[in-house]
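> The residues making up each chain are set out below.
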Amino acid sequence: MKFQFSIPTIFNCTTLLVISIALLTACSDDFLDNPPQGFLTDSQFPESAEDAQRAVNAMYSDLRVWQIYYGGYPIVDIMSDDAHKGSNPGDGANMTLFENYTFGANIGDLASWYAATYEAIKSAHVVIDQVPAIQMDEATKTRHIAQARFLRALHYFQLVRSFGDLPKVTALNPDANLARSPKSEIYNEIIIPDLIFARDKLPAKNEWPGADLGRATKHAAQALLAKAYLYTNQNQLAADEAMGVIGSGLYDLEPDFSNAFLPIGQFGIESLFEVGALPFGAGATGGNQFANTQSVRGSPNRGWGFSRPTLDLINSFEEDDPRMEATVIFLGEVIDDVLIEGDGNTPDEILDANGNVIQIETYNQKVWVPGTTTEEPFGYNVKELRYAEVLLIAAEALNEVGSSGMALMELNKIRTRAGLDDITEMDQSALRAIILNERRHEMALEQERYFDLVRTGNAPEVLGPLGFVEGKHENFPMPSSELLLNSSLTQNSGW
Amino acid sequence: MFRIFIILAFSAIATFGYSQKTITGSVRDAKTGETLPGVTVFTKQSGNGVSTDMNGNFSLSITSGDDSLSFSYVGYIAQSIATAGKSNIDVKLSIDSKSLGEVVVTAYGTQRKSDLTGAITTVKAEDIRKVPASNPMQALQGKVAGLQVGASSGQPGSSPVVRLRGVGTFNDASVLYVVDGVFTDNINFLSSSDIETITVLKDASATALYGSRGANGVIVVTTRRGSANADGKARFQFDAEYGIQRLQKKIDLLSGQEFAQVFNVLFPGSFNNIARVPNTDWQDLIFRDSAPIQTYNFSLSGATERSEYYFGVGYFKQEGIVEKSDFERVTLKLNNQYNLTKNIRTGVNLTATPSRSEGAPNVIANAYWAWPSDVPFNADDSFAEVRGGGNPLATIEYTNFENNSLVSLGNMFAEADFLKGFTFRSSLGYEVGFSESTSFTPVFFVSPLQQNVTSDLNKTRSQNFNWLWENTLSYKKQIKKHRFDALAGITSQQNRSEFLGASTQNLIDENPDLWYIEAGDNEFLTASNGAAITSIASYLFRVNYSFDNRYLFTANFRRDGSSKFGINNRYANFGSAAVGWNITNERFMASTANWLNTLKFRGSYGAVGNEKIGGNQQFTLVNNQENGVFGPDETIATGASYGVLGNPDLRWETTEQFNIGFDFGLLDNRLTGEVDYYVKTTSDILVGLQSPGHVGNGAFVTTTRNAAEVRNSGLEFTALWRDDFDNGISYQVGGNFATVQNEVIKMGRLTGNNSFIASGSLGNGDFVTYTEVGGPIGAYYGFRVDGVFQDEADLATSPVLDGQQVGDLKFVDVNDDGIITDADKTIIGSYIPDFIYGFNLNVGYKGIALGLDFYGQSGNEIYNGKNAVRPNQNNYEAQVNNYWRGPGTSDSEPRPTSGGVNYLPSDYFVQDGSFFRLRTVTLAYEFPKRWMEKVKVYRASVYLRGTNVFTISEYTGYTPEINSGNVLSSGIDLGVYPVTSVYALGFNVTF
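Line by line, the protein sequences give chains A and B.
Using the working numbering, count along the first sequence one by one with no gaps and you end on 495.
Using the working numbering, count along the second sequence one by one with no gaps and you end on 991.
Isolated chain B (complex conformation) (with noise of 0.2 Å):
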């Protein structure tokens, strides 16, 4: 690529020296005034063209058919002027708001995004509102080149997963999140309303100024500030939607006769008649029909001189298709800025959110096990026994579980311009969390196995309070052609929280008003206490410096003082160096200019931290309640010893990261898009190793130990094109693209019985991933099957595994040593999509608008645990209809058993976890303005939306999107909340 562009440029040099005729002028900048060196003057029809100099002017000579003179800079809009009758031409340019001259969120500022030398993506507020959910980031699913965005769930108010270009530690890889200054592990308690851009800083160079916290990647939210409008008026604006939720698809399960038919064959003659055998579809009737969702906002902005401001409201009501799993939450936000004096400035910025969630019965996985052949109710009405796992009815009924909590997150701020060129800002920021939770089992009997003997309650009181606070002085500065600027910051925080956790059985009553610990038995009583505190001191500096507009420069640096270090490791340095080349502004481009706009090249490396991990490590703790039992009626004597031996050499995780990449605007920005490659490793990922026995820390004891090393790379790939046909319809297409590769490096010396760490428990004694050098974090970890035994011959001549009969799986004996062992087990799959990609369209012809979102994911697969767990003998899939029957019927059903060989961790299990989706799709009509000036209406517009409208996929769950907070076991489904389809009205009015 490069290798073109020197070519490019040596015909654009020797284009020169076929001139007629001298044109000599000057560009300045439209809004201040500012001569603009470095700006592209040129001919569209010769093709000659020079850059302005250092005072912004420029001499070019034409041939006789130049009867126009192009001007092209980085960030402003393009100009055209004819050249007839002119020798002198004074240009100036606007800046180009809409697209490259746009200014982009960074850590600790802004910067011109034809300065950037890092990797960076922002997402504008109307892509951030389209997806109804209760967590912003729903909406950037699809919307970000290397970001990947899975539910975990479809529970209201459930939080989705986030990766940033894959998973690159064995511990907590969630994004860091800036809100208004202050870090945050999570966005579900703002509104998408109140948000005005998101912006994702994926590479070293745009995290390094987060230090030991940007690893895993940092997404800085901005929230709407106020502005002064045209009118000098305050505007109002209301938004209200309505939708209804609906299951994507249900599962293929044997009806009750199908299972009767297949229960015989286990256990002959258990239904005797079989048309008389009921068939219960359990998934009807956990599963209502629909479930409303609704949004409604309600904001108050404006500016003046003195003052802006922004008052947002909002309540959100998701409830669940799933009866007792709803959630509620209000939004209350306030962003003031006070201008006290032309340099000086303070504000606040305040987010208050209280919200109340059910916590949905865990009915997914019963309903999918239970019988269909059982009925919910016996004839007087109370629950029938159900068989496979109890009545999912009755646990629906008997769940009683409510959260309520509280986040407010805001800072205050000031800050001042002086002598020239700098700025000093001083923010306290703060993050306050508050949750309780209730719940309560009463007493009740279905059948022996379903039933509570003495009622349960159990209490969670937690609490958490952060403050940050943060000085930085800023200085920026323009010499000529040079453009500078710096930060030098000082930051310190604190968090604390704490956990309080009660319960107790058999309540005086069951009637709510009594659900209090002190209602309950004394004798059952039982409590939980804990806390952490850590802190941060951190020093942050950053240079950036750009030369001509040509050669950008950036250098960070970040040194971080954890109180989670170990005590020989409290302090940590992290930083970056990047560099860009705008090489459209070099003179040489200048032939390009007619068709290329923009071509930036951009490379940068540096070093970040992952700081998620506990902050006691470093201790060896004094274990309480390490009892002796003494004395002729043997009582307690309480004791306490030395815990597992802290590490005081525990430090951070490290992340060193390599991005290069280029941005590209074509055809007058018509097309623009971006391409990165990156190479992540990181490094002292710490892993729970086991320390030798002598040493005394127990069995089974690991310790935790900067030891593993994860790689991951990828490439990624964003384009736009958007344009205007002549009779009013514009529209535009635009999609990205990313692959991730992700390998473990090093594993440390030892960690469980060997140099792997076995994870993924189905719960019923089998674990299903496995992570090892070479493979995937997380990899799925099983036997091969290849097909069905058909006949004794077969199985005779085949390896086996102990138990192994005709008509079950056979597995890959893949050591070849005749035999089928636990050494047979192999990679089989991951839950890492080996590509991602999102695109979208969209139309607009006088006030309508359509457009579409579609996202996918390719390459990843999904454990389907609720299949391989049979707890006891519960209903099946459908396929099991085509189970082998002798020989020659079935190669790839084994079988029906209840448990047993077939049940063992096996591909068979593991499905393609692909899918293609359309997000969003929406409909929407702005009402023209001069029919709103009459009812004194600023805008207002209507939309019909759906949400999830199709997903392709070969999965027989729910839905494929199966993701789970912990690197080392996600993908696996267990009987997932399924996540809904929504279809949506809704209305904005601005007055």
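Next comes chain A alone, as it looks inside the complex (with noise of 0.2 Å):
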């Protein structure tokens, strides 16, 4: 804005204030244009190759965040039969209404979960919506692409199995009102062609530089591609697409079971995808509260204590399983020189009204990170898709399909690294049954148990003790804020 003052213009008042008025007029548009000051705006971003590659990077920060796929604690393992919901008893008492099976669909854990993970689903759609236009290098184009399309196929896979049918999102600022597409439309038209465009497009491990180790791959789009045919029954796919990755001679399993949690593991041999985290608070500096969450309580205070592996998760191991000692810390076990004092105001056992212990203070030593601060588990990394997880997909999809010879080669890889006996049954129903509790504990509190009592129709059997309801908690509810928010919205049957 230019300012001018001398006297004898001023005597033609008139005049300046024509002038004055056609200076403002002239300018006032650029004048009321004030871009965010250190912030760019959707408009500008992203426009380079530099940009595209800071929207890819955004994409993993989400995977830190607290509240994604089942808000932290995680709920899915303790409405599991393989954990309670742990730490004292008045500390997250909402998480008993997850536990007892007696949550409603306006409790607000759902929302947060919801809402987390479409947030990522966003950022995918940054980099799906916006970096094809950019100017740069095609190959790393594509590669962006398909990072971003494994990640989107990710954040849907975990909702389709939690909520069902879903608002289907494919582009950035979609309709506020948008109504719900079917769970097999959420599966057909955005995860399968997102992960078979991944498998197709994506480095292997060890053809992305080694400074990307943790960035997603051709097969870990295959192991997901198998667990998504998996859940839609498409067991040949599902077999096909285990045994992809199988044959890729990439991964193989930790020779020591505890190795595939421990950070000796981290990106190693049996890791198909995990989320790196650095021993800082969550944000910017790189931590992840996952672990924190679940870690040790009182002495030494590593975390909160959530999601206690029950009694009968423990009890259920095979009586020289390792995996059991692996998977539960009790107290007073010193593991890494540090002795488990646990937590002072968490009772010990708890007792039913027949004097029968029921509970035990316990953790989940698959989240333990070795030493004594409370901020050391915030850079655990989040396991997402492990080799050992594909052996079972491999070994259920195949019996599936009749060729259980096949499966038990799988399976009893498995068994080995456990140290068990092989498995030799050949009949197909038996097998079902051992491989789903070969699942149970291998991966134990790593929130599949739950999803797959749901999926092989075994909850209701298993979980109806602890309040499963058949016909209802198959899906979690839509949560009822998103239904006042969203009028087109429909809700779960049952709910």
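Bear in mind the hints are in silico, worked out from the structure with no lab data behind them.
From the three backbone atoms N, C-alpha and C, an ideal C-beta is built for every residue, glycine too.
Treat the hints with care, as some may be off.
What the hints assert, rightly or not - Every beta carbon over 12 Å from chain B, so not counted as near; a handful from chain A, in silico: (1) Pro-36; (2) Lys-122; (3) Pro-182; (4) Lys-183; (5) Glu-189; (6) Thr-232; (7) Gln-234; (8) Gln-236; (9) Leu-250; (10) Gly-379; (11) Asp-427; (12) Ser-429; (13) Arg-432.
Stated by the list, open to error - Among chain B residues calculated to face chain A with C-beta under 10 Å, some are: (14) Ser-535; (15) Ala-537; (16) Asn-623; (17) Ala-640; (18) Leu-689; (19) Gly-696.
Take each chain as given, in its own frame, and dock them per the hints.
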């Protein structure tokens, strides 16, 4: 804005006024255009190859958000027969509602889990929608988009197996009143095509430069594709994709089961996809609160102590299965030279009315990070896909398509690592039950058990005593706040 | 009321016709010689009366008993002229400068008070200087009906919370200040002694020209200017005041031994020998007996034919009643105007204010909680461990915070009159602010819970620059009885602000010379930095029209374009219309003119806006620092992605206000006053609403949208009676009274988990305010208490909350479902008073003047948060001595506990916040002129003044003034710095 002031001109005030009107009108549109300081806006980003890289990196940040997928505690383990709420009785009382299946659609934890996952989907859409227009190396561009589609598929897979039918958002800025699309459409139009694209376009683990370890890979996409086929009863396809991963020769089981979870196994031979994290606070500094939520409460003070392994889980292991000790921390145990004393305000034992011990103070050892500080568990890498699961998917799918012999080969790799006897059962139905049980022991407290029981139809029998209602708890409800906010949204049956 | 005047009017007409003699004449303005139409001419005896015609002439028949004619006209001093032997009377009336003829500052101009149609109150210099405080607004407490001024803290240098006509937003509800034409958010940089008047613009008619910024009310501050003195000389004025501040009252807490007894109930055997338990009074230890407050002002002013000048310099220093909380300030003021020619004027108005303040150590709540059974020092004079939040004296010792700031505001203007009645004015205003602060905490050890392992240093810098260019063209015209003026203008404004902060730890040395970031450890270095630019371009228009001084009409219009608006709503229009009727200038009112001097009805309606919102909410910002972690060594890969979706439809909050009122003057204007009633509805209030999850804004995230609606309504009444006795005693009694009713009408669809906003965090996880439809903004929310559980039977038969025991507070089962749950929480109070009032009494006799100002508010509540928050075992207020100790012992005070159910939000912690206070009492003596002439002094006076001399209140805290700038959570006492009483001696000398 120019300001001119001189005595001679001021005599002709009308002229000045006219000039000033002209000045002001002429520049007022620019004058009112004040871009935010210190921030780009969506119209300015991403524009360059560097921007595209940043938008891709940001997608991985979403995976460290506490509420993503199952609300951090993690809710789906607490609902399974593997875990109780944990912590001391007064802490996180809301979680008791999940443990007892008494929660309603209005519980805030669901709304935040749902919203955080869609937020991650939005980050994928920043890449999918905006990167194609950027002038840059086409191969890199394709790799970016393939990562985005892998992650979008992962997010949708987690949502669809939890909530069922979903608002199908496939681009930025969706309609606020979007209706739900059927579960099958989410699988067939998003998850499976995205994963096929990612499988075909992403580099294999050994093709990524070392510094990119942790990014989505061809075989991570293939493994998730196998899982998606398994969930949609396309067993032959599931078996084929799982065998594709196995046949790549890039992956194997860690010789020691514990190593799959310890820092020594980070991005290791068994890791298909995990979320890199650093031992600092959550957010930009790279931390993830996932393990902090579940780690030992009290002494050492590693965390909050949620998702406590149940006696049922402990007792379900075969007698000499070393995975039990590797999964459960008991009071008095010494791990990595640290004595676990536990929490003073948490009862060591909980008795039922008849005086039987129904819970003991235990902790999830799979999220154990060596050390004694509260901060170290923030560096725990959440394992989204392990090779062990690929073997189990292969075994299950092969058994379903009638190749029980081949199924046993994959299953027994898991058994061998655990130092257990081979399974020889060839009957499809009996083997199905054995594989489900093996999944439980191999993948306890890895957010699979509840979904496994639901998809195999065993939930009413196994979880019924805990409160599971058939025809209702197969899906989580649409959060009631979402129903208020989105007038086109419908509720799941039973809710 | 209206009907009464119609009847009066008819009765006045009915009295015509008893004429025996006719007197004719004319009435003119004594100064200008212009004829005055519409002047009421009447006889006191028979009551006959007429109004002067368009040419100021009148003709009136009088009866034989009428020995005098009275002439009265709004804004002029009434005259009475004997009729004996006269048939023609020509009268010259003088403008009544002291009352209704006064010129009132309005938006972008001035207006004769008699022509006003809006609700405007002016506070004069002498009232503004009465309260010793850094912020001149402190002096307005109780002075203006509808204006609530409440201390936010007693900390030196703190600014009060100012609310005009209630609270009409969930966001920033502070009024707009206009200082010498420049818009600003606070006037704490002004010295009271540089202020001429403060004008409070209340209704939509008065504020509409401020458009998008007027919704919370506008306060126009006019600073002092030079004026010609009779002797043509410059005037030097010097004022000095020295006062001492004292704590108004202490909080009645348990002594050490009382505390030990209560504590032994909680934890038996903790104190074995009560008689040997020390009684430490932490309040005595942290508060000084008195702290000085000093003000010195010097000014030089005068005028010549060609120029007017005013120069002022002031120094203010207020020490805190807690150590390390001092504030000092220098104010510089320069107001010059040059008359270049008869028609052209130019000038500058400048203010520059450097100030320094210490950030008071945070020990008020600490002293309240600290165990009185612990002592401050160990035997070796080191700080002793003190339970209940640490040793307050150590906190004072180790707190080092200093803020230095410089604020400068001013404008340059040029003004030219041209043609006939036109004036063009161009004004370039600015405000710059610069503030820097340093906070340093050394390494220390008092106890494991009160220690600092590495030294900490924090530095902040903030600056803002704001310019405003205004061009206005005004036109004035009078044609016979038609008086007309109009204003058109174009203004543009831009504001830029920036913040820079850095912190580090582990300084190489603790010496203040090393309190710089470079002396710290790089490993701990953090920095933050941000900026904002906003701009507004506006067009404004106003028309005032008055016919025959009887019918008044005003219309305002402003169009604001703002960068804060969403791109889809860049411009907004605001406007108002108002009418006024000077009934006493009507012919038919002649018969009442002998006692009713002024009666004016006013009515206005209009819309104004609130623009105090963040500038970036229309945009979808790209969040930096959304980082991935990759690689065998796990390193950060920087990422960025879209944050919360912007709202391009964002527009400003709009307040529509309806105001009716009347002004009156009775009995030779000895009794004057104003009454106003308003209804103010703010719609499109910006509120954080959730968006559907699938949109992708994330968990717990709300986006700002125009959704809620709030209504404020109230009645305001102001009256002043002034008179002189024959014996030389003059006196005046004035008062004002205002009610406010605040109600949330609409909340938008979804805020938080439901349609309410929970706020008022106590810092322990409890939120104690709740804003929902049907209640006032920021209402207290919790359980209602109905006594104490007396015995097991009582407990067994009452609805209970999990964990409640005998001796605990009994909560009311509001929803009657047989158990106590969160659903039984309800509204248990509000910080908004039902009414506020002030009154004053001034008596003068031969240079001695005594003045008393009272202020009160009623119907508001305070949440005693410091009593509710129990971070650990703390000291208690004295009423705990009456705790329940068995059936029938107490039905109000529960058994002592250190936390738990009795500390849940409930009305146990809600106290009546009503208070009545002697705000100031002043005894002044002005030395007789004849003495002063001998020593060449123009005027001199001395005075003694007490401020906040007493406060009557049931509140147990230091002061019932508990105000926060956050409209959603005010009135919560978490240990506020006490407001003091001040006793001061001062003098003024003018040469």
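> Take the hints in turn and mark each one as holding or not.
Okay, the hints, checked on the actual structure:
{"no.": "1", "hint": "Pro-36", "verdict": "violated (4 Å)"}
{"no.": "2", "hint": "Lys-122", "verdict": "violated (3 Å)"}
{"no.": "3", "hint": "Pro-182", "verdict": "holds (16 Å)"}
{"no.": "4", "hint": "Lys-183", "verdict": "holds (15 Å)"}
{"no.": "5", "hint": "Glu-189", "verdict": "holds (16 Å)"}
{"no.": "6", "hint": "Thr-232", "verdict": "holds (22 Å)"}
{"no.": "7", "hint": "Gln-234", "verdict": "holds (27 Å)"}
{"no.": "8", "hint": "Gln-236", "verdict": "holds (33 Å)"}
{"no.": "9", "hint": "Leu-250", "verdict": "holds (16 Å)"}
{"no.": "10", "hint": "Gly-379", "verdict": "violated (8 Å)"}
{"no.": "11", "hint": "Asp-427", "verdict": "holds (44 Å)"}
{"no.": "12", "hint": "Ser-429", "verdict": "holds (40 Å)"}
{"no.": "13", "hint": "Arg-432", "verdict": "holds (36 Å)"}
{"no.": "14", "hint": "Ser-535", "verdict": "holds (6 Å)"}
{"no.": "15", "hint": "Ala-537", "verdict": "holds (4 Å)"}
{"no.": "16", "hint": "Asn-623", "verdict": "holds (8 Å)"}
{"no.": "17", "hint": "Ala-640", "verdict": "holds (4 Å)"}
{"no.": "18", "hint": "Leu-689", "verdict": "holds (9 Å)"}
{"no.": "19", "hint": "Gly-696", "verdict": "holds (3 Å)"}
In terms of the numbered hints stated before, the structure departs from hints 1, 2 and 10, listed from lowest to highest.
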